[in-house]
Amino acid sequence: MTSDPLAGRVRAAVETFAVPVLPAALIAARIASEPTVTPHRRRPAIAIAGGVALLAAALAVAVPQHDKWLTPAYYATLKRLTGQDFSHERILVIDPPRVLLAEAQRHTRFPIVAPRGKRILDVHPYPNDAGALLLIAVDVHAQAQLDERWVGGKRSKMAKQLEGVGIRSDGSIRRFNTRRWRIGRIEFSMPMFTLEYHRYAEEVERATREAAAGMP
Amino acid sequence: MHVTDPQADVRAARAGDRAALDRLLAALWPRAFRLAAGITQHAATAEDAAQDALVLVATRLPALRDPAAYPAWSTRIAVNAAASALRRRPAHASLDDDDGRAAPGFEDDLAERLDVLRALGTLPLWLRVPLVLRYVDGLSSREIGLALGAPAATIRFRLALGRRRLAAALGTVGRVSEEFA
Chain S
1 MTSDPLAGRV RAAVETFAVP VLPAALIAAR IASEPTVTPH RRRPAIAIAG GVALLAAALA
61 VAVPQHDKWL TPAYYATLKR LTGQDFSHER ILVIDPPRVL LAEAQRHTRF PIVAPRGKRI
121 LDVHPYPNDA GALLLIAVDV HAQAQLDERW VGGKRSKMAK QLEGVGIRSD GSIRRFNTRR
181 WRIGRIEFSM PMFTLEYHRY AEEVERATRE AAAGMP
Chain C
1001 MHVTDPQADV RAARAGDRAA LDRLLAALWP RAFRLAAGIT QHAATAEDAA QDALVLVATR
1061 LPALRDPAAY PAWSTRIAVN AAASALRRRP AHASLDDDDG RAAPGFEDDL AERLDVLRAL
1121 GTLPLWLRVP LVLRYVDGLS SREIGLALGA PAATIRFRLA LGRRRLAAAL GTVGRVSEEF
1181 A
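Chains S and C are the protein sequences, given in the same order.
Residues 1 to 216 in the working numbering are what the first sequence spells out, letter by letter.
Residues 1001 to 1181 in the working numbering are what the second sequence spells out, letter by letter.
Everything labelled a hint here was simulated from the structure, so no lab data went into it.
Computed from a prediction, not measured in an experiment: that's the story for all the values here.
One thing to keep in mind: the hints can contain errors.
Derived coverage of chain C by chain S (criterion: at least 3 residues anywhere in the stretch with Cβ under 8 angstroms from a Cβ of chain S; other residues may be distant) [to be verified]:
1) 1021 to 1029
2) 1035 to 1043
3) 1070 to 1078
4) 1126 to 1136
Label pairs and their calculated CB-CB ranges [what the hints assert, rightly or not]:
5) S:5 with C:1140: 15 to 21 angstroms
6) S:57 with C:1124: 49 to 55 angstroms
7) S:35 with C:1140: 32 to 38 angstroms
8) S:45 with C:1088: 43 to 49 angstroms
9) C:1157 with S:44: 40 to 46 angstroms
From the three backbone atoms N, C-alpha and C, an ideal C-beta is built for every residue, glycine too.
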């Protein structure tokens, strides 16, 4: 027990409550009605040994130097687009570079339709022939810039989720392109529907269908 | 008087010995009630909490791996049961509602005791519980830490802070003894 002067006062105060008689019958009845918790079974030694052996075997397997989740097709796309071999690079993500339209059309295996009357700044082809995004200059004025992103070919699912524009599962293109404004360092982005983009999307759909059917 | 080793009783109770379990519960009952009374400051609530604690100890004892851990384990169950009962207790229940459950012979300094209980009730649970375990159960900081799952240094800090706040509260709460003077 402690010699703290408060201890005696607190103990005396709590002892104000007389300890009632143990209601043995009531508690026995409650115990009988409650489910008893079963003891945790110990993990058998053989399971632990097996786990250790599996872990050792997994660690002993040689892994390639590059990250395994980047598929060979990804590296092939990179090589086609950049001319460099990245297959032995230990990197997490290599974003394919933005290239000129002609270069992108040469390296991708799906048609990229150039919108008429638009000045394409650059094209961002996605890995694994997953699609391409066209960056189109609309207006550049001093510190302000307006550009548009048009889906120039099929889009990857992730890119569609990110930007809300792209090709649906039935092959049709959503009729919204993304218009971005940049004023100084602040960028605004908004999906927009325009008749011009609607007609362009029809053209891209037709080109994609024809390419799939093997037509020139 | 039949005195047995609590650890032997724990082992026997886990093996299904009903008499050993009864001995454990009978030994735990006054402790659980006093802890709950210190935490809840209400006799009926404390009795409910002590009953809950005993039922939990009896039903979960087979899952206790180490019999040496029984004191801390049962203390933690008693404290948790008291805290749960405190949360369930109606907000209007107070010390004054206790219908004549005070132990006999305390009438002379009952007002002083009510002052202390009220002051204790002003402390938050994280300060009140270590103080009750120290003052009522006489546990060391290490034992309180084992029961509450906190380092001994943390318990020492809580005890010091709780003691300071309790002393301050005892100086500021409305003193029943003065009101009656």
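Using a Cβ cutoff of 8 angstroms, are there at least 3 residues of the region 1035 to 1043 of chain C near chain S, or does the coverage claim fail? Per the Cβ count (3), the hint holds.
Within the region 1021 to 1029 of chain C, is the number of residues with a Cβ closer than 8 angstroms to a Cβ of chain S three or more? With 4 residues closer than 8 angstroms to chain S, the region 1021 to 1029 of chain C meets the three-residue bar; holds.
Quick check: do three or more residues in the region 1126 to 1136 of chain C have a beta carbon closer than 8 angstroms to a beta carbon of chain S? holds (count 5)
Per the hint of 15 to 21 angstroms, is the separation of the Cβ atoms of residue 5 (chain S) and residue 1140 (chain C) within bounds? The hinted range 15 to 21 angstroms holds for residue 5 (chain S) and residue 1140 (chain C), with Cβ atoms some 19 angstroms apart.
Using the beta carbons of residue 1157 (chain C) and residue 44 (chain S), state whether their distance is inside 40 to 46 angstroms or not. 43 angstroms, holds
Assessment of proposed distance window 43 to 49 angstroms (beta carbons of residue 45 (chain S), residue 1088 (chain C)): Cβ of residue 45 (chain S) to Cβ of residue 1088 (chain C): about 45 angstroms, so the range 43 to 49 angstroms holds.
Claimed coverage, the region 1070 to 1078 of chain C by chain S - three or more beta carbons nearer than 8 angstroms: violated (count 0)
For the pair residue 35 (chain S) and residue 1140 (chain C), does the Cβ-Cβ distance stay inside 32 to 38 angstroms? The hint (32 to 38 angstroms, Cβ to Cβ) holds, given that residue 35 (chain S) and residue 1140 (chain C) are roughly 35 angstroms apart.
Evaluate the given range 49 to 55 angstroms for the C-beta pair formed by residue 57 (chain S) and residue 1124 (chain C). About 53 angstroms separates the Cβ atoms of residue 57 (chain S) and residue 1124 (chain C), which means 49 to 55 angstroms holds.
In this structure, the one hint that does not hold is number 3.
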